[in-house]
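Hey, can you work out the whole structure from these sequences and the hints?
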Amino acid sequence: MVLDGDRTTELVMLLKALAHPARIQLLRHLSSYGQCYFGSLSDVVGLAPSTTSQHVKVLKEAGLILGSAEEQRTCYCVNPERLTELKQLVQAL
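Each residue of the sequence shown is one higher than the last, beginning at 103 in the numbering used here.
Any given hint could be a false lead.
What the hints assert, rightly or not - Derived DEER-like restraints, expressed as beta-carbon distance ranges:
no.	residue 1	residue 2	range
1	Asp106	Tyr135	20 to 26 Å
2	Gln190	Pro123	22 to 28 Å
3	Gln127	Arg175	17 to 23 Å
4	Asp106	Ser133	25 to 31 Å
5	Ser170	Ser134	36 to 42 Å
6	Gln156	Val114	16 to 22 Å
7	Thr153	Gly107	30 to 36 Å
Unchecked claim - Okay, derived cross-link-like pairs now, EDC-like style, lysine to aspartate or glutamate, Cα gap no bigger than 16 Å in a straight line:
no.	residue 1	residue 2
8	Lys162	Glu183
9	Lys162	Glu112
10	Lys118	Glu163
11	Lys189	Glu112
12	Lys162	Glu187
Read the hints as simulated data drawn from the structure, not as lab findings.
Predicted model only: the values in this text are computed from it and were never measured.
Heads up, the beta-carbon is just placed ideally off N, CA and C, and yes, glycines get one too.
Here it is as structure tokens:
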């Protein structure tokens, strides 16, 4: 894979989404455990729910995680296709 202009822009966007220790921690946790409800994610990073929500939003906007509503809770998981794409982009450096 060659990093053309569009792919470079995509890589920059993904790396920005990972540019915080809490977001790395969230992604690693979801990668290890498969899926998790939002309340548990706040416990994982040890941050207030509102702060955790902001970090989850960044990861979702980058497509790195997916969320599905189940009654009054949201369950999150890693988007494996997007994670594979990130790995390929980094390897192309």
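Verification of the hints:
1. Asp106 <-> Tyr135: 20 to 26 Å: Once the Cβ atoms are compared, 35 Å apart, the range 20 to 26 Å for Tyr135 and Asp106 is violated.
2. Gln190 <-> Pro123: 22 to 28 Å: For Pro123 against Gln190, whose Cβ atoms are near 24 Å apart, the range 22 to 28 Å holds.
3. Gln127 <-> Arg175: 17 to 23 Å: holds (21 Å)
4. Asp106 <-> Ser133: 25 to 31 Å: Given about 28 Å between the Cβ atoms, the range holds.
5. Ser170 <-> Ser134: 36 to 42 Å: violated (19 Å)
6. Gln156 <-> Val114: 16 to 22 Å: Given range 16 to 22 Å: holds, Cβ gap about 20 Å.
7. Thr153 <-> Gly107: 30 to 36 Å: holds (34 Å)
8. Lys162 <-> Glu183: holds (13 Å)
9. Lys162 <-> Glu112: holds (15 Å)
10. Lys118 <-> Glu163: Satisfied, since the Cα-Cα distance of roughly 11 Å is no more than 16 Å.
11. Lys189 <-> Glu112: holds (12 Å)
12. Lys162 <-> Glu187: Given that 16 Å is the threshold and the Cα spacing comes to 15 Å, the pair holds.
Consistency note: the structure conflicts with the earlier hints numbered 1 and 5.
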